[in-house]
Every structure is written in structure tokens, then in C-alpha cells.
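Trainee: Residues per chain, in single letters:
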Amino acid sequence: MPTLIKHDKIMEDDWAIVEVEAPADGIRRIVPLEAWLPESGDGLLLQGECEPDARYCVAPLIAINFLVFSDGRGLSLAVLLRSRFDFTGELRAVGDVHPDLLYYLNRCGFDSYLMPDERSAQTALSTLAPYTDYYQASVLEPNPAHRRTRRFA
Amino acid sequence: MYRYDSFDQKFVDERVVHYRAQTERYLAGELPEDEFLQLRLRNGLYIQRLAPMLRVAVPYGILDSRQLRTLAHIARHYDRGYGHLSTRQNVQFNWPELAEVPDILQDLAEVQMHAIQTSGSCIRNITTDQFAGVSEDESVDPRPYCELIRQWSTSHPEFDWLPRKFKIAVTGASVDRAAVDVHDIGLVVFRTDSDEIQFDVKVGGGLGRTPVIGQMIRRGLPVRHLLTYLEAILRVYNRYGRRDNKYKARIKILVRAMTADGFRDKVDAEWAHLEGSPSTLTDEDLARMQAHFQPYPYDSQPASIDTLGSQRLEECAFDAWVRHNVAPHKQPGYAIVTLSTKLTGVPPGDVSDVQMDLVADWADRYGFGEIRISHEQNFVLPDVRFEQLFELWQQATSAQLGANNVGLLSDMICCPGGDYCSLANAKSIPLAEAIQRKFDSYDYQHDLGPLDLNISGCMNACGHHHVGHIGILGVDKKGAEFYQVSLGGHAGNGASLGQIIGPSFSRKDVPDTIETILQVYLDLRHEDEPFLLCFRRVGMDPFKERVYANPD
Ligand code: SF4
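Residue numbers (my numbering), protein chains in the order written: chain A, 1 to 153; chain B, 1 to 552.
Keep in mind the hints are simulated off the structure, nothing from the lab. Virtual Cβ for every residue (Gly too), placed ideally from N, Cα, C. A portion of the hints provided could be inaccurate.
[Said to hold, decoys possible] Part of the chain A face toward chain B, derived, beta carbon under 8 Å:
id, residue
1, Pro60
2, Ser70
3, Arg73
4, Val79
5, Thr88
6, Gly89
7, Asp100
8, Ala137
[Said to hold, decoys possible] Using C-beta positions, here's what the derived DEER-type ranges look like:
id, chain 1, residue 1, chain 2, residue 2, range
9, B, Gln9, A, Arg55, 24 to 34 Å
10, B, Pro328, A, Ser126, 52 to 62 Å
11, B, Asp283, A, Arg148, 17 to 27 Å
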């Protein structure tokens, strides 16, 4: 069963990606771009290759779908939504989200991950932060490492 | 050379732990084969025809004697006693055990080395001029910028899952020894009249199935913008590069589809948002990095060149070695020495653990402990004093590293081919050997003059056959190994792609075909006219006629 990771732990999911059916009570909808209305309060589902747009930023949640985990377009889209369009809502990775890749995803601005099953969610939690720090700037860290810590000692 | 600080060290140490855990999960059956593949590729581990192949990063081809001794140790302990110098200035091991790779990485990390991003669809090892920092014809030392790019591109959050592999080369000399025109990004760094450091930026060059010469998209980019401009290029490529067909996924295809102007516009529009962002390099950033690459304490009383003169007169093999393998150094009294791995009977680029240890010893004795690897798959000792050349030559000769053939026919570039590589159409190493045997005579090779002969076992072009003056490509003809020959390629300044001469040849016919081609050249050349210029003057026809003439 798909399992949500948010704030570095497994959480109940109160959002559902809907195609036709209405979600159960108390569950909010994530809908594809064609069905999305800015005022609706619905979450927005984008594909990795989508062009980002300032209009999307009123969505409380944007989910970016990874068709395959090795397709990096969703990473660039996330970076643009966060850094260029100042999207401040929840940014969720869905689709083929690989448990070993969360340390890329979070530096690109994702803050929740819908893992394909509970097992991969457990694996993901065990490998969330394999590195203490990274060289370059990112959505999480606007400054490169040498600007933040003493480098070249 | 660059030395790790605690930040770098921690990063590679953590990389070992991280990769070890991934390997353990794979071996325990918790990580499926196809998923582990992507993860191990980001760490240089391929599964080849016979065994895994581990590619160790040698950042821009520079290493020190301690690091080279560790590579010798790895060859001895985890492999079959040898390693392979690649055309990307890296070192490959052909026989490691998958389960032992984490231990190898641990050994590497202890000497400030790793295998990060040496394969996979990500930014690969940055390459540069093997004479960087010491050559006479250099206007700006490219090494500090290579290191800045290395750090910036290491585990980049956004650019580690690109459509395809991505290669960046940098040169700062008037002779382009880094082949910047055939890289995804080629950077030429120079100093302006007002003493500012700037870059010319070329994109979309590359070999492989669709060879292309890179196109200039930006002239005179001020150095402070280097990383933000690269970020703009990579973002455009990551978002718009094709992912539906791996043969059309390199940036060259995107640049061609958008046209160079269209691509430049897209990059400039992206860069408009990034210009001045915190990744912009400050004077302090640049000064700190440049401080890592200060000249060594050279002897300011250069030795007289006279001793060399008499030694050259006495030993004609030494004289030839000096002529071909020794390049001018910017410091008087010093020379840059290329130790050729291209000895007949030895696969080009293969070096034994014993040879690696010896080269490390020579680097300490005849220099400041530094070694380079050239993309022509040779070792380079960058700081040898004139009066030590003779002794070094003697030792190199007895260790089978003294071939006096740099730049000549037998100094060929050759990929591992069908003996090792699972993608190959044909073997390349035995063919290289057959050609070396046929043209064994130094006098003949010397008479031919500078000649690049490059061999690839398949279209992937790891042996850079498109840019060989003579290029040989392994092709599959109804299940049999055949070879296509091209002429007129060139990798340096004024790069060009070879043209195919005609139908392909069987392996046994290739050496004779090469002989015919060389004879046509010898017949037609003007005095002192090198092969490439002669070919450019006379064109393909005379070669074609003689090669395909009906034998009586
Ligand atoms: S050119 Fe082909 S055969 Fe040679 S190493 Fe590359 S992929 Fe293998």
C-alpha cells in the first residue's frame, strides 16, 4: 500500500490522487492540471515535464509524478516551483519514487514522498540523510558549502 | 595539486558507508537488480562481459604518488595485477568482485579518491589538458576551475539524473590537448588584455553514434559566472533533453534540434534568473582555490641544457624519446615527460601494479610527487629536471614505459573492445597489436610524423575513432567482426570528424589497408606536410582509389 513520508516519518495521508471517484470523507483531492481550478483548494498533480507557472502556486499541495525514478525532470520542476515561483505549499513526490533518492528530492524542495509501499518507506527512512552536508547550493541551502562552513582549511 | 579539507574527506567517507549499505542490500536480495544498476553506475561500477568493471575517478587526470601506489595496491590485491588508463583520464579495474567494491572504495577514500559519477547519466569526471599548470603555451591554469566544477557537480541534487552522461572539458592553453570541441561542454579559459579571466563556452560536441563538433554559445564569460552559467545549461538540458531514445539523449541532439541560437536563447533566459545568485564566485572563492595550484618550489638555477645535448648524440633512442615524449615546461630547466603505455603486445593504456609503483617512485624522485594521466592513455611526469631525463629514460625503458612514440602511429588510442566490453561489435586490442607489429620500425613511424590512429570496438566511440587522423570502428557484418576506416578526423584545435573511406574490412585486411593509406600519403605529401594536412589538401579520392583498386 502506498505509504506517505512527511516530516521524516511515516504519516497518515489525508490527500488522494483522484481520477474519477470522489475521495472518502475528510480526504482532500489531488487532481491533474486539466481538472484543477485555482480557487478549488484541491491539490495539483503535475508531470515532471510540465512547465512551471505562477498560477499553480495557490495550490495547497503540488504533487510531481515520476514515471521512472531515474527521470530527473521532476527535480528541475521542483527547483523552479520553489526557487523561481516561491511555492510554499506542500511539494510531494509521487509515482516511481525510489527510497534511495530522497536525499536528492528533498534538496530540490520536496517535503513529502508517497512511497510505493511500506517496505520502501522504511528503507527510505533508513537512508534519508546519507551525507552530513553537500558542496553546492540547493533549495534547502541557498549558499554553497564554502560560504557556510570554513572550507579550504 | 588539490588536497582535501575535512569537508571533502567527510563526504567521500560517507560515500563509502552509503555505497556499502546499498551493496549489502543488493547482495541480500533487498534491492532489485535494475534499481541497483542505477545506483552502482553513479559509483563507477559496470557489469562487463566477464566481470564487473570499476572506474576510479582521477579528477582532471591528476594524482600524486601515494594515490598511484594505492591504485597499484588495488590492482594487486583486488584485481589481476593491472589497471587500465581510460580516455577520460580515469583508471579502470576489470576484475574486481562486486562484494569487494566497498572495500576498494574505503582504500581509495584513505588517499582522497573515489569513484563517484564515473558512469551513469550524470556529470562525469571533468577532464583537462594533461600539461595543465606547467605547459609553456598556457595562458590560464585551468585546474582551479576544474576543481570548482568537480565540487559543484558532485551529487548535485538536480543534475545527477540527466537524460544521458555529461562530459565537461577545460583547456587554458593555445594548443588544445583536452579535445574541448568534442565534449558536451567545452570550456576555453583565457586572460583578457585587462587581466580578467574569462571563458568561451562551447556546447553539444561529442562522439558516439552521432559525432558533432561543439558550437560556441558564449564568448568571454567572466569567471565569477562560471557555475551559474553551467547551472543554466544543465537545467535546460535536464528539462528538454530527449529521454525517449538513449541514442538521441545527449545534449548535442538537443542543441541540433533547437539550433545553437535557439539553445543559447533558452540558456540566457534561464541564466537571467541565476546571474548574481549565491553560487556566483567571489574573488575570495577564486583566490582560495587558486592557492591549491601554486607552482612547486622549482630550482631557480636551471641546469645547462648541454649535458642533454651530448647524451642525445650518444644515444639515438634517447634522442628520439626527447624529441617525441618530452614537452617544454614553463619553468626553465624543467621538462614535461610522457611515459608511453603503447608498447607492441601490451593493450594500449594497460599498466601493471609494478609499473604503477615505479611511476610513483619516479614522480617522487624526478618531480614533486605528481603524476598525470593523458586522454591518450599515457602517464605524464610534469616536473622533470633536464639533468634527470637520461636516468628517467633508462629506468622507463627497462620498465617498458620508455617507448619513444608519443604522437606517432603506434601511440594509438584504443578502447577495451570485445575482449572486455559487452557492447562491442569487434575486438580492438588484437587489432591495435597487429597494426603495431606491422609498423614496428621507428624510422618508418618517425618518417610518417604526427599521426593519431584511434580504434573503437563499437559506435559508442570510447576509442575516439571519429577524431583519429585514421579512425577504425568495429562493426558487425552478419555476425562477423569487420572494421570501418575513416580518415581526416582531428581532436585538437580546428577539430574535424573523419570521413568513412568506404566498405569495411576484415581484421586480417586492416593492417594492409592502413599500409596502403600511408603509402598514398607518403607519395603525395609535400615536404614536412603531416598526414592530416595532406589529407585535407588532397581529399579522400586518391586514398579511396588505391585502397579499393582491384588487386591483379
Ligand atoms: S567503444 Fe564500444 S566496445 Fe569500445 S569500450 Fe566503448 S562501448 Fe565498449
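Trainee: Can you name, in rising order, the numbers of the hints this structure does not satisfy?
Mentor: 1, 5, 6 and 9
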